[in-house]
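Chemist: For the sequence shown, the working numbering assigns the number 20 to the initial residue and increments by one for each residue that follows.
Treat each hint with caution, since some may be false.
[Said to hold, decoys possible] Derived Cβ-Cβ restraints for the label pairs, each shown as a range:
#1 A81 <-> G61: 19 to 27 Å
#2 A82 <-> Y58: 17 to 25 Å
#3 C83 <-> G62: 33 to 41 Å
#4 A82 <-> G62: 28 to 36 Å
#5 T64 <-> A41: 16 to 24 Å
#6 L80 <-> R59: 14 to 22 Å
If you are wondering where the hints come from, they were derived from the structure by calculation, not from laboratory data.
Note that beta-carbon positions come from the ideal geometry of N, C-alpha and C, so glycine has one too.
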Amino acid sequence: MAVDEEFWRLPTVLKVTGLSRAQIYRRINDGSFPKAKSYRGGGRTVFWLSSDIRNWQQEELAAC
């Protein structure tokens with residue numbers, strides 16, 4: 020993991036990607052968006068690694 024890696028919660032992912040909550044979870048289900056991770060011990064708190072989202076954005080741009 021990079022030194023400047025951040026853990027992004029859903030509100031940040033929504034803002035950075037411009038997608039809605041429904042769009043993100045739909046894309047996760049069809050395999051076209053990175054899956055959220057959770058802290059050890061489970062629970063409902065999930066996050067995305069900033070690098071996962073940045074890589075996804077680069078792939079989306081490359082596909083255009």
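Chemist: Okay, A82 versus Y58 on CB: inside 17 to 25 Å?
Modeler: The hint (17 to 25 Å, Cβ to Cβ) is violated, given that A82 and Y58 are roughly 32 Å apart.
Chemist: CB of A82 to CB of G62, is that within 28 to 36 Å?
Modeler: holds, 34 Å
Chemist: Using the beta carbons of T64 and A41, state whether their distance is inside 16 to 24 Å or not.
Modeler: holds, 20 Å
Chemist: When you take the CB atoms of A81 and G61, is the distance between them in 19 to 27 Å?
Modeler: Cβ of A81 to Cβ of G61: about 35 Å, so the range 19 to 27 Å is violated.
Chemist: Is 33 to 41 Å a correct range for the gap between the Cβ atoms of C83 and G62?
Modeler: Hint holds: Cβ distance 37 Å, inside 33 to 41 Å.
Chemist: Given the hint of 14 to 22 Å, check if L80 and R59 actually sit that far apart at their C-beta atoms.
Modeler: Distance hint for L80, R59 is violated at roughly 33 Å.
Of the numbered hints given earlier, the model fails hints 1, 2 and 6; all others are met.
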